[in-house]
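Colleague: Read off the chains here:
Protein chains: 2
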Amino acid sequence: MKLSGRSIIGFREGSGTPDLFYATNPANGEPLQPGFAPATAAEVDLAAQLAAEAFAVYGRISGKEKAKFLRAIAANLESIASELVARAEQETALPKARLQAETARTCGQLRLFAQLVEDGSWVMACVDRADPDRKPVPRPDIRSMLRPLGPVVIFGASNFPLAFSVAGGDTASALAAGNPVIVKAHPAHPGTSELVGQAIQQAVRECNLPEGTFTLLFDNGTKIGEALVKHPQVRAVGFTGSLAGGRALMNLAAARPEPIPIFAEMGSTNPVFILPGALQERGDAIAAGLHTSFTLGAGQFCTKPGMVFLPPAAEADSFAARLQHLVGDTPQFNLLTAGIGSAYRAAIDRRKQDSNVQVLAETNSPFAERTFCAGATLFETDAHTFLKSHGLDAEIFGPTTLLIRHAKHEDTLKVARNLEGHLTATIHGTEQDLRDYADLVAILETKVGRLIFNGFPTGLEVCHAVVHGGPYPATSDGRSTSVGSQAIFRFARSVCFQGFPDNSLPEELRNDNPLGIWRLVDGEMTREPATQLARRQS
Amino acid sequence: MKLSGRSIIGFREGSGTPDLFYATNPANGEPLQPGFAPATAAEVDLAAQLAAEAFAVYGRISGKEKAKFLRAIAANLESIASELVARAEQETALPKARLQAETARTCGQLRLFAQLVEDGSWVMACVDRADPDRKPVPRPDIRSMLRPLGPVVIFGASNFPLAFSVAGGDTASALAAGNPVIVKAHPAHPGTSELVGQAIQQAVRECNLPEGTFTLLFDNGTKIGEALVKHPQVRAVGFTGSLAGGRALMNLAAARPEPIPIFAEMGSTNPVFILPGALQERGDAIAAGLHTSFTLGAGQFCTKPGMVFLPPAAEADSFAARLQHLVGDTPQFNLLTAGIGSAYRAAIDRRKQDSNVQVLAETNSPFAERTFCAGATLFETDAHTFLKSHGLDAEIFGPTTLLIRHAKHEDTLKVARNLEGHLTATIHGTEQDLRDYADLVAILETKVGRLIFNGFPTGLEVCHAVVHGGPYPATSDGRSTSVGSQAIFRFARSVCFQGFPDNSLPEELRNDNPLGIWRLVDGEMTREPATQLARRQS
Numbered sequence: 000m001k002l003s004g005r006s007i008i009g010f011r012e013g014s015g016t017p018d019l020f021y022a023t024n025p026a027n028g029e030p031l032q033p034g035f036a037p038a039t040a041a042e043v044d045l046a047a048q049l050a051a052e053a054f055a056v057y058g059r060i061s062g063k064e065k066a067k068f069l070r071a072i073a074a075n076l077e078s079i080a081s082e083l084v085a086r087a088e089q090e091t092a093l094p095k096a097r098l099q100a101e102t103a104r105t106c107g108q109l110r111l112f113a114q115l116v117e118d119g120s121w122v123m124a125c126v127d128r129a130d131p132d133r134k135p136v137p138r139p140d141i142r143s144m145l146r147p148l149g150p151v152v153i154f155g156a157s158n159f160p161l162a163f164s165v166a167g168g169d170t171a172s173a174l175a176a177g178n179p180v181i182v183k184a185h186p187a188h189p190g191t192s193e194l195v196g197q198a199i200q201q202a203v204r205e206c207n208l209p210e211g212t213f214t215l216l217f218d219n220g221t222k223i224g225e226a227l228v229k230h231p232q233v234r235a236v237g238f239t240g241s242l243a244g245g246r247a248l249m250n251l252a253a254a255r256p257e258p259i260p261i262f263a264e265m266g267s268t269n270p271v272f273i274l275p276g277a278l279q280e281r282g283d284a285i286a287a288g289l290h291t292s293f294t295l296g297a298g299q300f301c302t303k304p305g306m307v308f309l310p311p312a313a314e315a316d317s318f319a320a321r322l323q324h325l326v327g328d329t330p331q332f333n334l335l336t337a338g339i340g341s342a343y344r345a346a347i348d349r350r351k352q353d354s355n356v357q358v359l360a361e362t363n364s365p366f367a368e369r370t371f372c373a374g375a376t377l378f379e380t381d382a383h384t385f386l387k388s389h390g391l392d393a394e395i396f397g398p399t400t401l402l403i404r405h406a407k408h409e410d411t412l413k414v415a416r417n418l419e420g421h422l423t424a425t426i427h428g429t430e431q432d433l434r435d436y437a438d439l440v441a442i443l444e445t446k447v448g449r450l451i452f453n454g455f456p457t458g459l460e461v462c463h464a465v466v467h468g469g470p471y472p473a474t475s476d477g478r479s480t481s482v483g484s485q486a487i488f489r490f491a492r493s494v495c496f497q498g499f500p501d502n503s504l505p506e507e508l509r510n511d512n513p514l515g516i517w518r519l520v521d522g523e524m525t526r527e528p529a530t531q532l533a534r535r536q537s
Numbered sequence: 000m001k002l003s004g005r006s007i008i009g010f011r012e013g014s015g016t017p018d019l020f021y022a023t024n025p026a027n028g029e030p031l032q033p034g035f036a037p038a039t040a041a042e043v044d045l046a047a048q049l050a051a052e053a054f055a056v057y058g059r060i061s062g063k064e065k066a067k068f069l070r071a072i073a074a075n076l077e078s079i080a081s082e083l084v085a086r087a088e089q090e091t092a093l094p095k096a097r098l099q100a101e102t103a104r105t106c107g108q109l110r111l112f113a114q115l116v117e118d119g120s121w122v123m124a125c126v127d128r129a130d131p132d133r134k135p136v137p138r139p140d141i142r143s144m145l146r147p148l149g150p151v152v153i154f155g156a157s158n159f160p161l162a163f164s165v166a167g168g169d170t171a172s173a174l175a176a177g178n179p180v181i182v183k184a185h186p187a188h189p190g191t192s193e194l195v196g197q198a199i200q201q202a203v204r205e206c207n208l209p210e211g212t213f214t215l216l217f218d219n220g221t222k223i224g225e226a227l228v229k230h231p232q233v234r235a236v237g238f239t240g241s242l243a244g245g246r247a248l249m250n251l252a253a254a255r256p257e258p259i260p261i262f263a264e265m266g267s268t269n270p271v272f273i274l275p276g277a278l279q280e281r282g283d284a285i286a287a288g289l290h291t292s293f294t295l296g297a298g299q300f301c302t303k304p305g306m307v308f309l310p311p312a313a314e315a316d317s318f319a320a321r322l323q324h325l326v327g328d329t330p331q332f333n334l335l336t337a338g339i340g341s342a343y344r345a346a347i348d349r350r351k352q353d354s355n356v357q358v359l360a361e362t363n364s365p366f367a368e369r370t371f372c373a374g375a376t377l378f379e380t381d382a383h384t385f386l387k388s389h390g391l392d393a394e395i396f397g398p399t400t401l402l403i404r405h406a407k408h409e410d411t412l413k414v415a416r417n418l419e420g421h422l423t424a425t426i427h428g429t430e431q432d433l434r435d436y437a438d439l440v441a442i443l444e445t446k447v448g449r450l451i452f453n454g455f456p457t458g459l460e461v462c463h464a465v466v467h468g469g470p471y472p473a474t475s476d477g478r479s480t481s482v483g484s485q486a487i488f489r490f491a492r493s494v495c496f497q498g499f500p501d502n503s504l505p506e507e508l509r510n511d512n513p514l515g516i517w518r519l520v521d522g523e524m525t526r527e528p529a530t531q532l533a534r535r536q537s
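Protein sequences appear in the order of chains P and R.
Mapping of the first sequence onto numbering that gives the first Met the number 0: residues 0 to 537, in sequence order.
Mapping of the second sequence onto numbering that gives the first Met the number 0: residues 0 to 537, in sequence order.
Be aware that a few hints might be false.
Claimed, not checked - To give a feel for the contact side, a few chain P residues facing chain R, derived at Cβ under 7 angstroms: (1) Ser143; (2) Ala253; (3) Ile451; (4) Phe452; (5) Asn453; (6) Thr457; (7) Glu460; (8) Val461; (9) Gly498.
Unchecked claim - Below are the DSSO-like pairs computed for lysine-lysine, each with C-alpha atoms no more than 27 angstroms apart in a straight line: (10) R:Lys351 / R:Lys413; (11) R:Lys413 / P:Lys229; (12) P:Lys95 / R:Lys134; (13) R:Lys229 / P:Lys387; (14) P:Lys229 / R:Lys387; (15) P:Lys413 / R:Lys229; (16) P:Lys1 / P:Lys95; (17) P:Lys229 / R:Lys229; (18) R:Lys407 / P:Lys134; (19) P:Lys134 / P:Lys67; (20) P:Lys413 / P:Lys387; (21) P:Lys351 / P:Lys387; (22) P:Lys351 / P:Lys413; (23) R:Lys407 / R:Lys387; (24) R:Lys387 / R:Lys413.
Everything labelled a hint here was simulated from the structure, so no lab data went into it.
Note that CB positions come from ideal geometry on N, CA and C, so glycine has one too.
Here chain P stands alone, though its shape is the one from the complex (with noise of 0.2 angstroms):
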């Protein structure tokens, strides 16, 4: 496949503007080729206006189309697997074994989303039938299922240059859900970007679905994005990305004449509390487990656990000096952009000037002094100066975290009750720890998404149990999931239908079940065809 540098609107190229814009391979800062052109503003009224047209035709193909479109996404992006990964290679200087790992993560997430709406009991289909009897007023027929929602714009993010970005959890689960895409590519690595669009659109073809089902938009400024979720016939936006660049298009999307939701992800610092029992036990293990987990893909994860409480335990001290080993012995890394460089190196900086933090470890071999590149870094602090300070929760996107020393159950609790939302929380400790810390449990369970006991925020698990989620400022919408099948409940509202003859409506609605999927009868979940029940005395 070529890459043209031009944004793919429905079936169509774009012209783009001529300010052509390169992306830039991080392991030598080398321009490549080709130039991509930002998309104008006339394309984005276009390609909404396909969205829309497409939406009346595909927001109602049954999930048997659906599921079969986004099979052939995945088949299509399996066909050129070799090739996407070369050149998400030259983007983003990830390693290989890397993005072909995050090539079948994002296959096997279109599946996942192509096996639920097949499945088609997603549709929480509620069926509460007639009684004409009842006094003093007969009860009507009402029944009620997901739908989608209308055009959905979707931002894809640097550091999952596949599984957060084109084809990513977000299109997948707004694409199930029955609504239009059109996605911002990421200006780091659209070389990627268009490979994975030109798949897309041959899925649309070969599926003879509408050419607005799906849009690939350039740009490498924030006017596309802008005129994007400003746009009155997007009805959803889903992003990836940071605190003040999702913030700012939440501020958009709620100043709309007609406001609209928005599902922005934005990184999270992750704290992990190890505890007295499991620190006595397994110091040495965890300590190497935490080194892997915040160096992974350098620290580039919204999952980095980026700080880390310790009990006041003598095996603290060999606890991190074990991992100031590990960091000092830690090689450069390349990380995904001059923009996360130059982020990180002035993060690192102005942490190391603040009296109350202290440097344990650096990476010790010398390294490039490029933008792109970067060592790793540990600070530590007490918790005592971390319950005053301000800023040393917030999230550093790269190879760093900080260890918050003698932490006291006290502490461990009031540390806990002061945080913000983050997307995850970890626990180490034995079930003895458990026991005594069940009040930190009970904290946390009210500040994150997901609770993770003995293991590492890293390395997520796609599945339906997941939730890649947290209050605010983790995300935009603490009710929500950006990964994993409960995701699709973001690009879709429940309508009811009073009174309509069975031949009318929707087949997940109708007496028979004739798509046998789990329905919520008459209050009772079964699968059973309306019309088998003995009818409930209301």
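Position chain R relative to chain P; hints supplied.
Modeller: What follows is chain R alone, placed relative to chain P:
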């Protein structure tokens, strides 16, 4: 029970400010004793602090305990029903029978939510079991369920002094999910509010719940409501009222340092489409039903049908004539408040001066020229004018509706496509009409929360399947409902537990499923213990 005229802050009586306000009897315009003291900023703080403390306990009690509490509220309301109805009659001038029915509905709603949380399956428990043998990496054990958000602020509505007020659906659903509730009483029925507040406070005591579980604050301005929405301890907001009021609160919630979800139900014009076959078959019956529906409760329902599209048929004339006759014979109404009265009169006067619109009929009988009094008014225009004009689709709160004549099939679709969000849309048709207008149904589905066939939008059924929501401006979040059991989902968020020992998990997530709830285990819906299932191949 004695009215104190003071806020109920947990178990304490507020002192408030000395500028007492009084309810007014709409039947005679006379003020009612006692005076009510607006809450203070310090009382907002106290309420929020108590609610946050209560959340640590109330947020974790079992479904059974919450059910007991909700039923205790219902029982306490029933034990003061005659007193409650008498006071509500004075404060609203609504008919006694209506207020008795509304008391029953309010208690019914509380018991619906009691049943829902006692049953327990509403938490959408999800169990994805570990697979230590999975390659390339073991699959962790991940389990999720819905958990409450924290203190929720509810604004009572004027037009349902019981069912959408202090112990209405918003409060019932927020409490059912496990959230402490702070109600801002509507100033039009403070006495009714205080009586209901006392009943809830008593239930909190009877069930030995923390005092901050419930607070009721008075204010006849916007200060206390604003302070509540901005308070850092508050986690979500429920509101029923005007578009202007709702949007102001939406803006406040979005502008907080930490934005919170707000569920504002802001009314609607509820389009009605009368299709040719139905008009021919039973025009008179539809006219009679429509008249009852738009004058019910003096037209002060958010489901009032405020615009009615008629096809170009001879029967349309006799339909309009029939309705003219009915409207002429309609007696005068007492509106709920002076504010509603003047807003209604002003809107009617503006519409009368609109050259695009004709007055077809008005209440013939002379009626009192008091602010609270109003007659019914029937307006008419044509589809062409309607499409060109601005504001003819705006809600007028009160006993009026607008006929739109000569809507041909194409006009009907055009009108439907141009609709903003509404709570409901109604279609009167034969089965043949429904086939001929399948495209109309498809469009309306994207515009409203509830579609009604051959019925009327007023007289909302409280059940599992009902959706009382709709895209903006009907509500702030078209993905939500404020009526029916699905209303609970507004006030809950999914939290997931990774790798926790079985005995440390909430009961809903344990292997043996001690509550016997429906769960998604490894992707399959079941009530069986997780351990008895064969492991799925992954």
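Colleague: Output the indices of the hints that this structure fails to meet, ascending.
Modeller: 6, 8, 18, 19
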